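Build the complex from these two chains, which are given one at a time in their own frames, with help from the hints.
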Amino acid sequence: MINILTQALGETLLMVFVSAIVASILGLILGIALEVTKPHQILSHPQAHHLLEMIVNIGRSIPFIILLVAIIPLTRLIVGTSIGTVAAIVPLSIGAIPFTARLVEGALMELPEGLLDAANAMGLSSLQIITKVFIPEALPGIINSITMTLVTLVNYSAMAGTIGGGGLGDVAIRYGYQRFDIKMMFLTVLILVLFVQLIQYSGNYFVKKCNHR
Amino acid sequence: MIELIGVNKIYKRGKKTFHALRDINLHVEAKKIFGVIGASGAGKSTLIRTINLLEQPSSGEVIVNGYHMTRLDKEELRLIRRKIGMIFQHFNLLTSRTVFQNIALPLELENLPKEKIDARVNELLHLVGLEDRANAYPSQLSGGQKQRVAIARALASSPKVLLCDEATSSLDPQTTRSILLLLKEINARLGLTILLITHEMDVVKSICDEVAILNEGHLVEQGTVSWFFGNARTDLARNFIDSTFQLNIPEEYLARVSAESTGQNFPLVKLGFTGTTVDKPLISEASRIFEIDINILSADIEYAGGAKFGCLLAELIGECRQCEAARRFFIEHHVQVEILGYITND
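As you go down the protein sequences, you meet chains A and B in turn. Under this note's numbering, read the first sequence as residues 1 to 213, first letter to last. Under this note's numbering, read the second sequence as residues 214 to 559, first letter to last.
Isolated chain B, as found in the complex (with noise of 0.2 Å):
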C-alpha cells in the first residue's frame, strides 16, 4: 500500500547541509498498523511527511496505493492527497469552524450536495463517538476530543491510509489508550492501512503489526512487533524495549545487595521474555525441579504482538548449585538471565 524506494532528504540552509533522511527503504502492506519510532531529530516527521509530499524527497520513489507520488503533476497531486488522510500532533482543526464544519470541510472540497455531506459528517461525529459536541468549537474540546475530531476529518473523504504524526503525543496516558483503541479499531472496521510515527515503544507494543526504527535518517531495524521484541540487535532497539518495561529493585532490597556471592547470599535475577521464550509456567517449575523458592520482587509482563514480552526481579533462594541450575533452565527456555546482585537476607 506505501512503498518508499531509496528515498533521500537533504535540507540546504545557505552552505550547509542537513541530510533528514538516508536511503529509507519500507513496505507497508494493506490493512497494517506500521509503527515508525525514533528519538526526536531522529527524522520521523519528514519521513511521515515524504508520503503525502508535504516533503518532497530530494530522491527516491513514495508510491501509494500504486501511484508514483513524485511524478504527478500539483493538481494530480491534491485529488491524491485526499485519499491519504492525515493526523497531527496538534491536531490542526479549524478554529473558526465547530466539530460538524471542520469534518465536513473535505467533503465540501468534493462538491456533493449537502444533505449528503450531514449524513456522512454524521456517521463520522458517531465512529468517533462525539455526536454530542457536534457545534461545540474546537476550543471547547479537551486533547482527546480534538484528536478525535480530526481524525473523523481525515477519514471523511474515505482514505485508503491514514498517516499519524505522532497522533498522541500531546495527550495524557488514559487518552492515548482510548485514541489508539479508536485508530485500532478503524484499521479492522474499514480495512485503513495505518502509518504512525511516534517516540513511543508504548504505543507500537499496544496497536502496530509491523515496526521500524529510525535512528539519524537511518532504518535500523523493521519487522514484525512480536519478531522485534524477541530478535532486535541494535542497542537502540533494546533501549526501546526496555523503556517499555521499566523494573527497579526495591529500595528496601537495594540496601542489602552486594556484587558477590559469599555463599550466604542469594542471587537476584532479572528474567526476560521475549517472543522466543518458551510459554511454560517456568516458575514453578524451576521451582520445583531444583528445590529453591522463587521470591519475585517486581513483573511487568504483556502481550504484544501476540507473544508474552516482560521481564521480572526475583530472588532465587536455595543452594549454589541448585540456583545455577536453574539459571541453566531458565536459559534453555530462552528465558535472558542476568545476575543483577546478591542479596543478603538477615
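Just chain A, with the same shape it has in the complex (with noise of 0.2 Å):
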C-alpha cells in the first residue's frame, strides 16, 4: 500500500508542477496580452483582444475530462505518446492556461490607473511598462493566480487516470471509489488534503512577502 501510494505521490508531484511551470509562463503572457490590448491600454487592439478573449473563453468552457481525450494528437506529437503521466502534463498544462490568464487579467486590473499614467509621463516603452511596472506591482496577484492554478491542477490531475497518468486522485478512484477500499481512499485524500494545504500556506507566504502595498 505504501508503494502504491508514494508511486503516485510521486506522478501526482511530477504532473502537478511541470504543468503548472508551463501553466504560469504561458498564463501570464496571456493574461497580460489580455490586459494591454483592451481599449485605452499600452498596446491597444481590438481585434487581438476579442481574438484572445474567445480563445481564453472557449478554453474554459471545455471540461476537462473532455479536453484529455480531444488533445490526444496534439499530445503525441509534443511528447510522443498519449498514454501515461508525461502525456498527462500536456492537457493539464493547455487546461491551466486559460484559467491562470484570466486570474492574471483581474491582477493587472487591480493595479491603479495612475500608474499607466506616471510610467507613460516618464517615458517607459510599453515592454519596459510590463516588466517594471506591470508585473512587479501586480506580483502579489500573480503568485495568488498561481497558488490557485496549482490546487486547481492538483484537482484536475485526478482525472489523468483516464488516460493512464495516475497520480493520487486516480488511486482514490480505482482503490477507494470502485473497490470500495475504504481505508486506501481515506489516506489518498488525507494526502492531497495536507498537499493543497502546503501549497496554499507557501503561496499566502510569499503573496506576504513581497507585498509593501
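The set of hints was computed from the structure by calculation and includes no laboratory data. Note that the coordinates shown come from a computational prediction; the quantities given were computed from them, not determined experimentally. Do not rely on the hints blindly, as some may be mistaken.
Said to hold, decoys possible - Sample of chain A residues facing chain B (criterion: CB under 7 Å; computed from the structure):
id, residue
1, G114
2, M122
3, P136
4, H212
What the hints assert, rightly or not - Using 25 Å as the maximum straight-line C-alpha spacing, the simulated DMTMM-like pairs for lysine to aspartate or glutamate come out as follows:
id, chain 1, residue 1, chain 2, residue 2
5, B, K373, A, D117
6, A, K132, B, E336
7, B, K225, A, E113
8, A, K132, B, E289
9, B, K483, B, E464
10, A, K132, B, E413
11, A, K132, B, E328
12, B, K287, A, E113
13, A, K132, B, E323
14, A, K132, B, D513
15, B, K228, B, E242
16, B, K483, B, D513
17, A, K209, B, D345
18, B, K296, A, E113
19, B, K287, B, E274
20, A, K132, B, D286
21, A, K132, B, E268
22, A, K38, B, E289
23, B, K225, A, D117
24, B, K483, B, E413
25, A, K38, B, E268
26, A, K38, B, E288
27, A, K132, B, E321
28, B, K296, A, D117
29, B, K229, A, E113
30, A, K38, B, D286
31, B, K287, A, D117
32, A, K132, B, D331
Every residue, glycine too, gets a C-beta built ideally from N, C-alpha and C.
Put into C-alpha cells, the structure is as follows:
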C-alpha cells in the first residue's frame, strides 16, 4: 500500500508542478496580452483583444475530461505518446493556461490607473511598462493566481487516470471508489488535503513577503 | 517654454460628444510658475495632460521647449517626455519599489551606470529632504513624504518643465504649504518652469507668478497674479479671490446690524485692498483727517505677486457726513468699499 501511495504521490507531484510551470509562464503572457490590448491600454488592439477573449472563453468552457481526450493527437505530437504521466502533462497545462490568464488579467486590472499615467509621463516603452511596472506591481496578485492554478491542477490531475496518468486522485478513484477500499480512499484524500494546504500556505507566505502595498 | 495654440479636446462616447477644452491659447514663459485654477470638471486635468500628450488634443498645437508635441512619433515622444516631469494628486509611486528605487526608475531608463544612479538619487533625496527614508516603501510614508518622493522622481532626469496635476489636493494645509515651498525652491534653484493646476486659490496666491482661470473648457482670464487679484473682472475670478479672504461679521455684531441708517447707528464697511491700492497707512490717515474712530472687527491682509491684498471689516464711528467723506477718501485711494449695514451701539 505504501508503495502504491508513494508512487502515486510522485506522479501527482510531477504532473502538477511541470504543468503549473508551463501554465504559469504561458498564462502570464496570455493574461498580460488580454489586459494590454484593451482600449486605452499600452498596446490597444480591439481585434487582437477579441480573438484572445474568444480563445480564453472557449478554453475555459470545455470540461477538462473532454479536453483530456480531445487533444490526444496534439499530446502525441508533443511528447510522442498519449498515455502515461508525461502525456497527462500536456492537457493539464493547456487546461490551466486560460484559467491562469484570467486570474493574471484580474490582478493587472486591480492596479491603480495612475500608475500607467506616471509610467507614460516618465517615457517608459511598452515593454518597460510591462516588466518594470505591471509585473512587479501586480506580483502579489500574480503569485495568488499561480497558487490557485496549482490547487486547480491537483484537482484536474485526479482525472488524468483516464489516460493512464496515475497520481493520487487516480488511486482514490480506482482503489477507494471502484473497489470500495475505505482505508486507501481515506489515505489518498488525506494526502491531497495536506498537499493543498501546503500549496496554499506557501502561496500566502510569498504573497505576504512581496506585498508592500 | 510651454505654448498651447488653439487647443481643443472633444471626447466622443457613442453618440454623445463632450467638449472638454475649447480653443485654449496659453503661453508659459521659461522659469515661471504658472497656475491654472478652475472648479472640478472645468477641464483642468485634461489641459495639463495635453501638454505631455497623456491626452491627445483633438486639434491645435502643443509646443514644449520648442518641440511640436503632436508632430512627434511614438519613439520621439517617449524621449521628450523624459524631459517633462509630472507629479500627481495621488502620487502614483510604485508600491513594489523603495523610495530609492522609485527615484532611480527614470535613471534606469537612461542606462546609466549604477554609481551614477546612486549618486544622482542621493542628491535628489537630499533635495527633497528624505535621506533617512531611502529604504522605506511608499506605504510607510505620509502623504507629504510620498509627494516629495514623486517630486524627486520627476526631477531625476533633469527636466526643463514640471507639470503638477492637483499635486497638493489630497494633502492637509500644513503639508500643502511645505510642498509648495519645495516647488518654489526648485523653481528658483533649478530654473524649472512649473505649470500647475489646482482648485485652491491659496496655491496660486502663495507660489504662482501667473494665473489663468479655466471654466467649462474655456480660459476666461489670465495674467500675472498681482494683476489678477487687482483687476480680474469676471464673477468667477472674483469668487476665487473672495474664497481666499473669508471674513465673517462676528456674531455679537450681527445681531446689531440693520440695513438702514437712522443717524444713531454707524456704518459697517468691508474694505477691499487690491493690487492697485495705494500703499499708505490709510486707516489711521482717515481716522485723523475726518476725526472718526475706526473699529476693526476682522481683517485678512496678505501679499501675493508682490502686492498687498485682502479685506477688512470695520465700523466707522463718527458723524454721518465725516463717515461719508472717509468712504470717498478710501475709494480715491483705490480701496473697494462696501457698506454691509449699520451697527447700533448700546
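Here's how the hints hold up against the structure:
1. G114: holds (4 Å)
2. M122: Holds, about 5 Å.
3. P136: holds (4 Å)
4. H212: Nearest chain B Cβ about 4 Å off; hint holds.
5. K373/B with D117/A: Judged against 25 Å, a Cα distance of about 19 Å means the pair holds.
6. K132/A with E336/B: holds (23 Å)
7. K225/B with E113/A: Answer holds: K225/B to E113/A is near 20 Å, not above 25 Å.
8. K132/A with E289/B: OK: K132/A and E289/B at ~20 Å, within 25 Å.
9. K483/B with E464/B: Roughly 16 Å separates the two Cα atoms, so the pair holds.
10. K132/A with E413/B: violated (35 Å)
11. K132/A with E328/B: holds (20 Å)
12. K287/B with E113/A: holds (21 Å)
13. K132/A with E323/B: Answer holds: K132/A to E323/B is near 14 Å, not above 25 Å.
14. K132/A with D513/B: violated (50 Å)
15. K228/B with E242/B: violated (39 Å)
16. K483/B with D513/B: holds (11 Å)
17. K209/A with D345/B: holds (23 Å)
18. K296/B with E113/A: Within the cut-off at roughly 22 Å; holds.
19. K287/B with E274/B: holds (17 Å)
20. K132/A with D286/B: With Cα atoms ~23 Å apart, K132/A and D286/B stay inside 25 Å; holds.
21. K132/A with E268/B: The given pair, whose Cα atoms are some 23 Å apart, holds under the 25 Å limit.
22. K38/A with E289/B: Distance ~24 Å between K38/A and E289/B Cα, so the pair holds.
23. K225/B with D117/A: OK: K225/B and D117/A at ~21 Å, within 25 Å.
24. K483/B with E413/B: holds (23 Å)
25. K38/A with E268/B: Roughly 17 Å between the alpha carbons, so the hint for K38/A and E268/B holds.
26. K38/A with E288/B: holds (21 Å)
27. K132/A with E321/B: This hinted pair holds, its Cα atoms lying about 10 Å apart.
28. K296/B with D117/A: holds (15 Å)
29. K229/B with E113/A: Status holds; Cα separation ~24 Å.
30. K38/A with D286/B: At roughly 22 Å apart (the allowed maximum being 25 Å), D286/B and K38/A satisfy the hint.
31. K287/B with D117/A: Satisfied, since the Cα-Cα distance of roughly 15 Å is no more than 25 Å.
32. K132/A with D331/B: holds (18 Å)
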